[in-house]
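Undergrad: Here the protein sequences come in this chain order: H and F.
Residues 1 to 487 (full-length UniProt numbering) are what the first sequence spells out, left to right.
Residues 1 to 450 (full-length UniProt numbering) are what the second sequence spells out, left to right.
Don't read these hints as lab results, they were simulated from the structure.
C-beta: ideal position from N, C-alpha, C; glycine also.
Check the hints yourself; a few may be wrong.
[Unchecked claim] In silico lysine-lysine, DSBU-like type, Cα no more than 35 Å apart, as pairs:
| hint | chain 1 | residue 1 | chain 2 | residue 2 |
| --- | --- | --- | --- | --- |
| 1 | F | Lys-154 | H | Lys-479 |
| 2 | F | Lys-14 | H | Lys-126 |
| 3 | H | Lys-307 | H | Lys-351 |
[Said to hold, decoys possible] Residues of chain F placed beyond 10 Å of chain H at every Cβ, according to the derived structure:
| hint | residue |
| --- | --- |
| 4 | Thr-185 |
| 5 | Glu-196 |
| 6 | Glu-200 |
| 7 | Gln-233 |
| 8 | Lys-287 |
| 9 | Phe-379 |
| 10 | Asn-392 |
| 11 | Asp-418 |
| 12 | Asn-422 |
[To be verified] Partial list, computed: chain H residues near chain F (C-beta under 10 Å):
| hint | residue |
| --- | --- |
| 13 | Arg-18 |
| 14 | Ala-40 |
| 15 | Arg-43 |
| 16 | Pro-50 |
| 17 | Glu-51 |
| 18 | Gly-70 |
| 19 | Asp-97 |
| 20 | His-174 |
| 21 | Glu-187 |
| 22 | Met-255 |
| 23 | Pro-279 |
| 24 | Tyr-329 |
| 25 | Gly-330 |
| 26 | Gly-349 |
| 27 | Arg-366 |
| 28 | Glu-431 |
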Amino acid sequence: MQNNTDFPLLFELSQTGRTGYSLPPLDVPETDTAEAFDSAYIRTEPAALPELSELQIIRHYTALSRRNYGVDSGFYPLGSCTMKYNPKINEDIIRMDGFSHIHPYQDPKTAQGALEVMFDLQEQLKEITGMHDVSLQPAAGAHGEWAGLMMIRALHEKNGETQRTKVIVPDTAHGTNPASATVAGFEAVTVKSNEQGLVDLDDLRRLVGEDTAALMLTNPNTLGLFEKDILEMAEIVHEAGGKLYYDGANLNAIMGYTRPGDMGFDVVHLNLHKTFTGPHGGGGPGSGPVGVSEELAAFLPKPVVRKLDGIVILDEDRPESIGRVKPYYGNFGINVRAYTYIRTMGPEGLKRVSEYAVLNANYMMRRLSEVFELPYTQHCKHEFVLSGRKQKKLGVRTLDIAKRLLDFGYHPPTIYFPLNVEEALMIEPTETEAKETLDSFIDTMLEIAKDAEENPEIVQEAPYTTIVSRMDETTAARKPILRYIPE
Amino acid sequence: MDFRYLPMTEQDKKDMLQTIGVKDTEALFADIPDAVRLKKPLQIKEPRSEGELKAELAALANQNVTMKTHASFLGAGVYDHYIPSIVDHVISRSEFYTAYTPYQPEISQGELQAIFEFQTMIAELTGMDVANSSMYDGGTALAEAATLSAGHTKKKKIIVSEAVHPESRQVIDSYCRGQRLEVVTIPHKDGVTDLEALQEAIDEETASVIVQYPNFFGQVEALADIRTILHTQPKAMMVVSSNPLALGFLTPPGNFGADIVVGDTQVFGIPAQFGGPHCGYFASSSKLMRKLPGRLIGQTKDEEGRRGFVLTLQAREQHIRRDKATSNICSNQALNALASSVAMSALGKQGLAEMAYLNVQKAQYMKKQLEAHGLEVMFQHSFFNEIVIKVNGDIQALQDHLLAQGFIGGYHLGRTDDRLKNHMLVAVTEQRTKEQIDIFVREVAAFHAK
Chain H
1 MQNNTDFPLL
11 FELSQTGRTG
21 YSLPPLDVPE
31 TDTAEAFDSA
41 YIRTEPAALP
51 ELSELQIIRH
61 YTALSRRNYG
71 VDSGFYPLGS
81 CTMKYNPKIN
91 EDIIRMDGFS
101 HIHPYQDPKT
111 AQGALEVMFD
121 LQEQLKEITG
131 MHDVSLQPAA
141 GAHGEWAGLM
151 MIRALHEKNG
161 ETQRTKVIVP
171 DTAHGTNPAS
181 ATVAGFEAVT
191 VKSNEQGLVD
201 LDDLRRLVGE
211 DTAALMLTNP
221 NTLGLFEKDI
231 LEMAEIVHEA
241 GGKLYYDGAN
251 LNAIMGYTRP
261 GDMGFDVVHL
271 NLHKTFTGPH
281 GGGGPGSGPV
291 GVSEELAAFL
301 PKPVVRKLDG
311 IVILDEDRPE
321 SIGRVKPYYG
331 NFGINVRAYT
341 YIRTMGPEGL
351 KRVSEYAVLN
361 ANYMMRRLSE
371 VFELPYTQHC
381 KHEFVLSGRK
391 QKKLGVRTLD
401 IAKRLLDFGY
411 HPPTIYFPLN
421 VEEALMIEPT
431 ETEAKETLDS
441 FIDTMLEIAK
451 DAEENPEIVQ
461 EAPYTTIVSR
471 MDETTAARKP
481 ILRYIPE
Chain F
1 MDFRYLPMTE
11 QDKKDMLQTI
21 GVKDTEALFA
31 DIPDAVRLKK
41 PLQIKEPRSE
51 GELKAELAAL
61 ANQNVTMKTH
71 ASFLGAGVYD
81 HYIPSIVDHV
91 ISRSEFYTAY
101 TPYQPEISQG
111 ELQAIFEFQT
121 MIAELTGMDV
131 ANSSMYDGGT
141 ALAEAATLSA
151 GHTKKKKIIV
161 SEAVHPESRQ
171 VIDSYCRGQR
181 LEVVTIPHKD
191 GVTDLEALQE
201 AIDEETASVI
211 VQYPNFFGQV
221 EALADIRTIL
231 HTQPKAMMVV
241 SSNPLALGFL
251 TPPGNFGADI
261 VVGDTQVFGI
271 PAQFGGPHCG
281 YFASSSKLMR
291 KLPGRLIGQT
301 KDEEGRRGFV
311 LTLQAREQHI
321 RRDKATSNIC
331 SNQALNALAS
341 SVAMSALGKQ
351 GLAEMAYLNV
361 QKAQYMKKQL
371 EAHGLEVMFQ
381 HSFFNEIVIK
391 VNGDIQALQD
401 HLLAQGFIGG
411 YHLGRTDDRL
421 KNHMLVAVTE
431 QRTKEQIDIF
441 VREVAAFHAK
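Construct the complete structure from the given sequences, taking the supplied hints into account.
TA: Here it is as structure tokens:
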């Protein structure tokens, strides 16, 4: 299966008897395992892991890293993902022994330094979101969504309103929103967007009723547009007896300008790996704390961090809690990084983050709209969505544009999302990019658009400079090969 | 004040505002209604310089007792293991840690291939056909296994052994409440799942039986007998939560016909970090391939016929299927899966078996020493690297005493089980020396005898 141009797998580099580890010798008298174990439970065939020397392993992974692209490699305007710079101090802080090598079950009085960070992070997040209380438990955004919806369900059940089975999500919502509604035991129903790209209030009024559990909303929404009728929406949902859920994926646009709590949201989740410099880790780990209004505070997942007489404790005694959503106390390692970032920026810094994220996005949007179709023309927030409809008519699809960007050393924007924009290109520059970077990217996009008109095949057949060309994804899904099998 | 992460200059700002055609940035926020505008600065702490902040946080870190300052005999799901130095060097390469989900395969082959290798190693270790690219942690992976089994069998009863980690059981409860599934807990008998009770509980409504191997008390569950009981209800699935390091020594659950095997790879190259992030794994038989939660990496070819890797079978996932997805998981634990891959590569075929064997031997030695010093070791089944002891006196006082002697003591089982007050779950890994074990045993025995 491997031909000589293929990059080798670890398993193909393996040679029997080669080692890359260092374990101490056995320093206790040896027990006969045949006496201590039933032979049926002693593994007879060792797992076929690779056998390599330390340098071979390092070369392998170094080569793999060079076949990868991160924010440190170049511009990464992946809309909805907030690919901002990941500060290096964050990495230094979490690697301190006192944060890295502590056990979740060690006596809390021996982990006060860690608990203090958790407590203070909770306090800072309460203020940033304007919520009454926060739990750091959920492991990622989708996990926070689910935890938040479970709390809303618990509240309705406590009030005897078990008929509230429907969660309303806009047609522009992230896929996790309807998926989280389902796993929290609700039915997802879709509310339409109007011609301005905002939630259609008439449709919302039509949908709400006695069966409404909640409306899930990202604000600004996934088109990068602020839902300016938010107070009216809150009123419609609250009057119908439903709750308002804030998906914090786009918080990077509004810090210091407005807060979910002030907009009337009852539950909020944050993506600390996005707005608060995670990092993204090639797909995770993330962290998805949830914040709630006073009415919902009793339902927060347990434990919650509390401070009593200067001692920080993990409060497990929460009879109305929705329970535990993950073992231990959340993704502490990511939370420490987020805390470091918040403490680096402070109130003025975080507000400037949002100011510049929005300024960068609007600048790019105006310049790119000269050539690409801009379906929604009002000022955007931290991101915007273009349509490649004009280019599609010339035979160049958005996918082709994305692939052509690879040749210029860029990570492409998010494509084909949100679903209500044809041939969508969703661009989020973030505040950490300099104007020169934005200008170069814009110039490249304009050049690609020109090629789409004059030499479409150049774009259609891209990329040319990457280590592999376009992949056969159809065969990958039809005849899945999900692990290495030796020939 | 200037901020080192923000490159915007006054001139940039002026030029950009002019291009946009507005006077100031306030104009860009004009659609935020006045009624919801924040009229004062956020009441959070003022920023600190890099040096000041490092010093402040180092002071907090230094307040904590760590597994470096003290010898840890604490496990209960999180362990102090050998982490090869190369792990942190690899995951510190920013091409890995500053990337996101590999949506663009042409510039993400590094991440995609590393995770394909992870999937392969997990499948090998567990004896299963396939494994996914990671879950949040072992506890949520187990809960997702429960809901997957219900979805696959169209049945609503989940049977969980009481010898499964108590926090994982609580997470299963939360997830199952979400999907309105019934959770039935089977008691443990002498530290292992009560097979008679299991036989009684299993019925036509059963979606799955969930056990842990080795279980929360360190004991090796009789998977062969559990499989036999499951044969009486052929539709019910066998779900096993396994410490993957133990599978370097123990027969893998796949060999006993498990349908789903999950667990946490914290034991491979991931520091304890106060409980997270760790890294869940999720392995299954091939018949469940199209129902797995989370990302899957598949092998394919590019236009020139070169081997490459892509995210695949995405029709299962939330960004395609939305409310019909098999799970809502999106972000996973990719960087930690990478860390575990590097650790497993370093250990290799020989080292992983050797490390598991060291754990077995040291735990055997510790048990003998404890018994020789008059302590009662509960549950006389085969065990991996944890044992339960019964101690006279207040466990908190014992913990304090051990701490003063330079040890982090075991897990007090009375925390979650009233019947096990005065019982301590003690873990011993390859990191503990004979000398540390001897002193620890002596101190516990002296306290016990008082």
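Undergrad: In ascending order, which of the hints set out earlier in this document are inconsistent with the structure?
TA: No hint contradicted; all consistent.
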